[in-house]
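*Asks:* Please arrange chain X on chain F, whose structure you already have, making use of the hints.
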Amino acid sequence: MVMTYFVFFLGVCFVFGALAVASNPSPYYGVVGLVLGSVVGCGWLMSLGVSFISLVLFMVYLGGMLVVFVYSVALAADPFPEAWGNWRVVGCGVGLILLLFVGVVIGGGVGCLSLGVGTVDSGGVVSVRLDFSGVSMFYFYGVGMFFVAGWGLLLTLFVVLELVRGLSRGAIRAV
Amino acid sequence: MSLMCLSYCSAFTLSSLGLTLHRTHLISALLCLESMMLSMYIALSVLPTENQAASLTLTPILMLTFSACEAGTGLAMLVASTRTHGSDHLHNLNLLQC
Numbered sequence: 001m002v003m004t005y006f007v008f009f010l011g012v013c014f015v016f017g018a019l020a021v022a023s024n025p026s027p028y029y030g031v032v033g034l035v036l037g038s039v040v041g042c043g044w045l046m047s048l049g050v051s052f053i054s055l056v057l058f059m060v061y062l063g064g065m066l067v068v069f070v071y072s073v074a075l076a077a078d079p080f081p082e083a084w085g086n087w088r089v090v091g092c093g094v095g096l097i098l099l100l101f102v103g104v105v106i107g108g109g110v111g112c113l114s115l116g117v118g119t120v121d122s123g124g125v126v127s128v129r130l131d132f133s134g135v136s137m138f139y140f141y142g143v144g145m146f147f148v149a150g151w152g153l154l155l156t157l158f159v160v161l162e163l164v165r166g167l168s169r170g171a172i173r174a175v
Numbered sequence: 176m177s178l179m180c181l182s183y184c185s186a187f188t189l190s191s192l193g194l195t196l197h198r199t200h201l202i203s204a205l206l207c208l209e210s211m212m213l214s215m216y217i218a219l220s221v222l223p224t225e226n227q228a229a230s231l232t233l234t235p236i237l238m239l240t241f242s243a244c245e246a247g248t249g250l251a252m253l254v255a256s257t258r259t260h261g262s263d264h265l266h267n268l269n270l271l272q273c
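Residue numbers (the working numbering), protein chains in the order written: chain F, 1 to 175; chain X, 176 to 273.
Watch out, some of these pointers could steer you wrong.
[Stated by the list, open to error] What the simulated footprint calls covered on chain F by chain X, stretch by stretch (three residues with Cβ under 8 Å from a Cβ of chain X suffice, anywhere in the stretch; the number is not a length):
no.	segment
1	27 to 36
2	63 to 73
3	90 to 103
[What the hints assert, rightly or not] If the Cβ cut is set under 7 Å, some of the chain F residues that face chain X in the computed set are:
no.	residue
4	14
5	15
6	18
7	19
8	21
9	43
10	45
11	130
12	131
13	134
14	152
15	156
16	160
[What the hints assert, rightly or not] If you want the footprint, here are the derived chain F segments under chain X, 3+ residues with CB under 8 Å:
no.	segment
17	4 to 11
18	141 to 150
The set of hints was computed from the structure by calculation and includes no laboratory data. From the three backbone atoms N, C-alpha and C, an ideal C-beta is built for every residue, glycine too.
The following block holds chain F by itself, in its conformation from the complex (with noise of 0.2 Å):
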């Protein structure tokens, strides 16, 4: 029981690492908490069992993007940074989690919540990993989207170079 009140803590925290990202800080300070969100994301889903789903996460997703976009951050150098001590972010803050409130409160959502933690185990006569097998049905039987996938990963480094190029051959850039 230990465990699944754990869980509801990591769900917490994600909440929280949304919010510092919704209340538009500083970009600089927003990459923190989409890390924070990212970081709980990947303990929620171990905790849940599917290793692999959160190691992909892990990977691909904070290793590869936000990577990509914390060197993007400086583009958006600003002489004074509002962190979460700034009035104005914390305004926002507030606001959006009161807005959540009544939005719960409204859907009916306050009768009905239970915990809702529900684990994987091995199914069937092989004993796989749940997440294991299922994205293994990826290379066989999803091989069609599979080449879709990668056909429009290979489309957008075309369309990056299209859209950064400049010098009177760009689409965007004036100069």
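*Replies:* Chain X in isolation, oriented as in the chain F frame:
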């Protein structure tokens, strides 16, 4: 609704509200989009775990792929608008203003 479902649903709602409300930087909007993608990833991962459906486990992987494409494109537009306007402040993007 279980409390865990409320957790990632409210994270998604908070991030989408942060995307719509006023801010100074374009990259804050991109960070809110990334937070929405993260909460959707968690939701798509918890669903097969609770229902013990193994083949649904590939949906978060697929979603992460397309989310990476979208993040890359968003950052490319950020770089392009910064090199044109000098900063990524949203009040500079006023071409359609009368």
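*Asks:* Against this structure, judge whether each hint is valid.
*Replies:* Here is how each hint holds up against the structure:
1. 27 to 36: holds (count 5)
2. 63 to 73: Since three or more residues must qualify, the claim that chain X covers the segment 63 to 73 of chain F holds, with 7 doing so at under 8 Å.
3. 90 to 103: holds (count 5)
4. 14: holds (6 Å)
5. 15: Holds, about 5 Å.
6. 18: holds (4 Å)
7. 19: holds (5 Å)
8. 21: holds (5 Å)
9. 43: violated (11 Å)
10. 45: Interface hint status for residue 45(F): holds (6 Å vs cutoff 7 Å).
11. 130: holds (5 Å)
12. 131: Nearest chain X Cβ about 5 Å off; hint holds.
13. 134: holds (3 Å)
14. 152: Cβ of residue 152(F) sits 6 Å from chain X, so the hint holds.
15. 156: holds (4 Å)
16. 160: Interface hint status for residue 160(F): holds (4 Å vs cutoff 7 Å).
17. 4 to 11: Result for this restraint: holds, n = 3.
18. 141 to 150: holds (count 4)
Violated hint: 9 only; the structure is consistent with all others.
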